[in-house]
Amino acid sequence: MTTNANRDQFRPEDHPNDHFLLTTVVGSYPKPKWLNRAKELYEDPDHEFDADDWAEAKDDACRLITDEHERAGLDVVVDGEMRRNEMVEFFAHRIEGYEFNGPVKVWGHNYFDKPSVVDDVAYDESWLVDEYEFTADAAERPVKVPITGPYTLANWSFNEAYEDDEALAYDLADLVNEEIEKLVDAGARYIQIDEPALATTPDDHAIVGECLERIADNIDEDVRIGLHVCYGDYSRIYPEILDYPVDEFDLELANGDYEQLDVFTADEFTKDLALGVVDAHVAEVEPVEEIKENVRKGLEVVPPERLVISPDCGVKLLPREVAFGKMENMVQAVREVEAELDAGEIEVPATSQRSPADD
Amino acid sequence: MTDLVATTPGLFPLPDWAKAELSDLKGHQKGDLISGDEGPELQDAYDRARTEVVDAQTDAGLDRVVEGQLRWDDMLAHPLAVHDNVETRGIVRYYDNNNFYREPVVQDDLTFDGDVAAELDAAAEQVDDGLQAVLPGPYSLADLATDEHYGDETEFLHAVADFLAGEADAFPDVETLFLLEPSLVENAPSEGLDAEVPEAVTAVADAVDCEVVVHPYWGALDEKVYAHLLDADVDAVGFDFVADHEANLYNLQEYGATDDIALGLLDGQNTLVEEPEAINERVDWVFDNLPVAEFDTTYVTTNTETFYLPYSKFEAKVEAAADAVALAETEVQA
Numbered sequence: 001m002t003t004n005a006n007r008d009q010f011r012p013e014d015h016p017n018d019h020f021l022l023t024t025v026v027g028s029y030p031k032p033k034w035l036n037r038a039k040e041l042y043e044d045p046d047h048e049f050d051a052d053d054w055a056e057a058k059d060d061a062c063r064l065i066t067d068e069h070e071r072a073g074l075d076v077v078v079d080g081e082m083r084r085n086e087m088v089e090f091f092a093h094r095i096e097g098y099e100f101n102g103p104v105k106v107w108g109h110n111y112f113d114k115p116s117v118v119d120d121v122a123y124d125e126s127w128l129v130d131e132y133e134f135t136a137d138a139a140e141r142p143v144k145v146p147i148t149g150p151y152t153l154a155n156w157s158f159n160e161a162y163e164d165d166e167a168l169a170y171d172l173a174d175l176v177n178e179e180i181e182k183l184v185d186a187g188a189r190y191i192q193i194d195e196p197a198l199a200t201t202p203d204d205h206a207i208v209g210e211c212l213e214r215i216a217d218n219i220d221e222d223v224r225i226g227l228h229v230c231y232g233d234y235s236r237i238y239p240e241i242l243d244y245p246v247d248e249f250d251l252e253l254a255n256g257d258y259e260q261l262d263v264f265t266a267d268e269f270t271k272d273l274a275l276g277v278v279d280a281h282v283a284e285v286e287p288v289e290e291i292k293e294n295v296r297k298g299l300e301v302v303p304p305e306r307l308v309i310s311p312d313c314g315v316k317l318l319p320r321e322v323a324f325g326k327m328e329n330m331v332q333a334v335r336e337v338e339a340e341l342d343a344g345e346i347e348v349p350a351t352s353q354r355s356p357a358d359d
Numbered sequence: 001m002t003d004l005v006a007t008t009p010g011l012f013p014l015p016d017w018a019k020a021e022l023s024d025l026k027g028h029q030k031g032d033l034i035s036g037d038e039g040p041e042l043q044d045a046y047d048r049a050r051t052e053v054v055d056a057q058t059d060a061g062l063d064r065v066v067e068g069q070l071r072w073d074d075m076l077a078h079p080l081a082v083h084d085n086v087e088t089r090g091i092v093r094y095y096d097n098n099n100f101y102r103e104p105v106v107q108d109d110l111t112f113d114g115d116v117a118a119e120l121d122a123a124a125e126q127v128d129d130g131l132q133a134v135l136p137g138p139y140s141l142a143d144l145a146t147d148e149h150y151g152d153e154t155e156f157l158h159a160v161a162d163f164l165a166g167e168a169d170a171f172p173d174v175e176t177l178f179l180l181e182p183s184l185v186e187n188a189p190s191e192g193l194d195a196e197v198p199e200a201v202t203a204v205a206d207a208v209d210c211e212v213v214v215h216p217y218w219g220a221l222d223e224k225v226y227a228h229l230l231d232a233d234v235d236a237v238g239f240d241f242v243a244d245h246e247a248n249l250y251n252l253q254e255y256g257a258t259d260d261i262a263l264g265l266l267d268g269q270n271t272l273v274e275e276p277e278a279i280n281e282r283v284d285w286v287f288d289n290l291p292v293a294e295f296d297t298t299y300v301t302t303n304t305e306t307f308y309l310p311y312s313k314f315e316a317k318v319e320a321a322a323d324a325v326a327l328a329e330t331e332v333q334a
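So the sequence lines, in the order shown, correspond to chains H and D. Residue 135 in this note's numbering sits at position 135 of the first sequence; the count goes up by one each step and never skips. Residue 152 in this note's numbering sits at position 152 of the second sequence; the count goes up by one each step and never skips.
Treat the hints loosely; a few may be bogus.
[Unchecked claim] Counterexamples of contact, computed for chain H against chain D with all Cβ distances above 10 Å:
1. F10
2. K31
3. R37
4. D44
5. P103
6. K114
7. E160
8. S235
9. R236
10. K271
11. E336
[Claimed, not checked] Simulated coverage check for chain D against chain H, where a stretch passes if three residues somewhere in it have a Cβ under 8 Å from a Cβ of chain H:
12. 16-25
13. 28-40
14. 96-102
15. 270-276
16. 311-325
No wet-lab data here; the hints were simulated from the structure. From the three backbone atoms N, C-alpha and C, an ideal C-beta is built for every residue, glycine too.
So here's chain D without its partners, still in its complex pose (with noise of 0.2 Å):
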């Protein structure tokens, strides 16, 4: 019997009050964004905002609680934008999103940082069990990044996983890793860079003491690319199905999967509020189709980050989330 997880990736929405502060406190242009030496007043309202979306998770009942990624003004290219040996160019489309991010620029080593780091060692605080930390993939951050330093994208590539991998080792103890990758099927690698992913992946993986889980959305991998993913040393691999089902199941029946799997059954991006039952629903058929489905652990998610909802509807999500895992182990039990 598969344990559910009921999970998110991260990156929340600020909630409202935080938005407006936060945006009088810092102001509205590009040099205004998050530079990773903010001063005591912002820090305060951040770790506001921090602990009422951990509370968040916690009221709501998810198995896992991160951090939330308040801070991330450049989404999953925050950790290259806040590091020192990187210059944030112009404001650059995020994927096919109505949203932008600071182009980083990477011009010298990426050495370690610790930024994330910290943004963790202020949750563990908060949370008993459960802890789980985020990151950009290798590849993703790589791809979303500019490098004027490396020079070939494949040295790129494993000097972007080495950093990922040197913030990760500085982490607190953790249970789960979500490491983000859209861009695999967004962007994905070309004939050559597609083999050296797993490698980067398990890399950053390696670093960790925990479950990891790769997680790419916004459809489905190209079988080559996925095949490839699963060589790395990695307990998980997610699958957005709100996006694209069809061709998920395709590879999972045709490939075959890692011992525990993360679904993305609830739209991270429509104020729609799934039904647990319907959430449920969708679980039993994914594995209703998959002729041996034995996962040890079966990770419940929003299909993407949920900085696209307003924070109400983001509350509602993780509501349903964790209440559709609960409602599947209720009725295991009954």
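If we strip away everything but chain H, and leave its shape as in the complex, we get (with noise of 0.2 Å):
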């Protein structure tokens, strides 16, 4: 059997089979409802709650996530982004040259604090080191970190300091790149980049391309770099994606059913695919035998070795019970397909199309 180090670094000692396809989630998850209880006493200045109490209920919200993670089966974990409100919002509070105004709408009464950029942007301070080395202090698996690529802190930022949206967000990228080192001193060795606002603007892909250029710049070769693009129309941005300096591309392909399953076997997809098996976007547990079925999609584009597993998207919308039941039938799921793959019962389409005979 084929093998790919920088995948299979994560894989666990005691794992059951000898096929290994990674499962692990997109990064966020819902928040227990204590937490968001305990943010509001935080935020009324009338109670007594205070900024340590709000320290130590994300500290436990942190550690109940990353467990929940682990007893789903998952090899690779998030503690579920507990620490953060959004995904700009965040990241925006620690980068210099951001202000904030106010909340804007998104849709309905769906607001964010959309930051402004009002001055070169600059690192400050750490914006994940502690989260990093809190959750990995408290996991016993791998742990990944998702980062919200800087086209996406660009895109969703009002700029009024740039000449353009693309010149802010090179900038961003090489901030992105100093916390990656940061991160990979204190021993972070799986990193994603989100790029949603991709989805949305594919003609732009040649800036995320560029950002990422920037991003990966002495990063060193073992640690994992991944890309998680949204749902979107993917033709326009592949097959150009797979110039990115990434190793995985994590796609959302559950919720169109797969549809665009072609676009990914018409150019050979030359790097790992962490493919999205269940709807973050149902509220209904997909069962097993319907997981294995999308988790066998993904073998029609790459062989087992560069095959990752994942849900779609963030899941942080869904209820929590749902959630974990996606995880946990998604890792059953997984571990049945491998095990098929060791008994060779499972066909691989993206192997035998690539083997030396058929050239």
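Both chains come to you apart, so use the hints to assemble them.
The following block contains the structure:
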């Protein structure tokens, strides 16, 4: 069996099967209700619940969700982003050059504190090293660090200071690179860049590529770098994205019932594929058999040693028990597919297509 | 000498207290958005919010005051989203923005509704003069919707125009009507349909006895679309000089303009607030670059709606537009 050292560094020692399809999550997870309540108390000036109490609540939630991921059987875990409020706000608060002027509408009565870049952005305090160290300490399994990508950080901000969003994105990419260096120094081995904005403006894929060149600059090759791109018209960015200096693409395909799978088989998928196999927007737990079907879809694109399995997207909007049920069934489905691969019961189209004998 | 008029295209952000209060009252899900038959508690919250944005415009010194369209959860699709014969389906992207609205699907005849007129009646009680109505233009509203009833795109466009004309006919006295037509830029009408647009726009414009401004934005119109639009019976066409000043200037130079003009000179989607002097320089730049610039009225406005902005920055934009016009008038007198 072919191996893949960059991915297989995360293979658990007691892994039950010869085949290994790494299971993980995209990042976000539903917050326990008590954490939201604790936040309200902390924000209530009349309440004695103070900053220390709030920090303790976040620590507890981080331990709880990390443990919940391990109980689900995931090979690589995240703390469910318990300390993060929103994917742009959280980082903008930690980067010099940003200011906040109040919430703006996304749709209906859903708002976010869209920040303004009012000056050159600069690295100030570390963004995620504390979060990583705490989670790594709390976890038995390896920990992945999701970071909002510079293109999204630029695109989802008001730009008052830069000539255009492209120039802002490049400066932010240099800061992301600095942060990853610090995370790697702290022991992180698996970084995921989240670029949801690319799905909405696919014509900018070259800008995202240049950002990733800056992000990956001088980062040790053993450090696994993934890119998560939410659901969109993937044919507009593929195969161009194969040139990006990343190890893995994490794609949202269950949501569209794998209608776009052809996009990725038309040109050989030369990177690792992190395939979404459960829908992050449907509040029902998919049965194991259905998820196994989805996992096998991944084998049409890449051979087993280059396949990673995850939910479609962050699952923070699902009820928590549904999120857990999806993780648990996902892991069971993957372990069963691995066993079937071991037993030779599954054909792997991606391998047979490209075997030298066919040439 | 042109008469400078400071105004906006409406669709304001809710004041922050109203964002919090209304999300508590209504909820966050698709089914919780505005339906057009709100109970007294919701009406009261919207009344208070409307008063606040009307006061903000009056205090800033705008020459035209809009209702604010604070109830328009579905942005320009609102007049259809609240209609009885329209079903709202999934959440879809609003042009190229990180904003979403419910897809309105027309199921039956677009009969008279009166929703927008009722809002304007409420605003009219608080505005002594300079009340401005805002509607989506017929092409944009048809473009944002899905038709499952009329069956033909030309017929649907005219049905939407007739519906908007009926709504406009019920308006109280207003000074100006802005018809917002971003789809004319973002998803330009196909060959054939482009020639139908002036008739559709005219149908709405003829329903009111006031100045009518058709305002496309997010760039410049294709030459042909612009040439056709000039056939509409309106007083002014608007230009988004923030998104594309070269192409808009080209259209003006090549094809001329209506008697009045609207200049989108403040960025409705960026928190950077323009200085009044800079706004006036942009007005001058447009006029200096036109061979003949004899407009009776020139509307100075943000290029787009301003619901994209935090409330405090929306207020600052309104003030900047009003200050620019006030400053220009002082300079003329001096």
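Hint numbers contradicted by this structure: Violated hints (numbers, rising): 5, 6, 7; every other hint is consistent with the structure.
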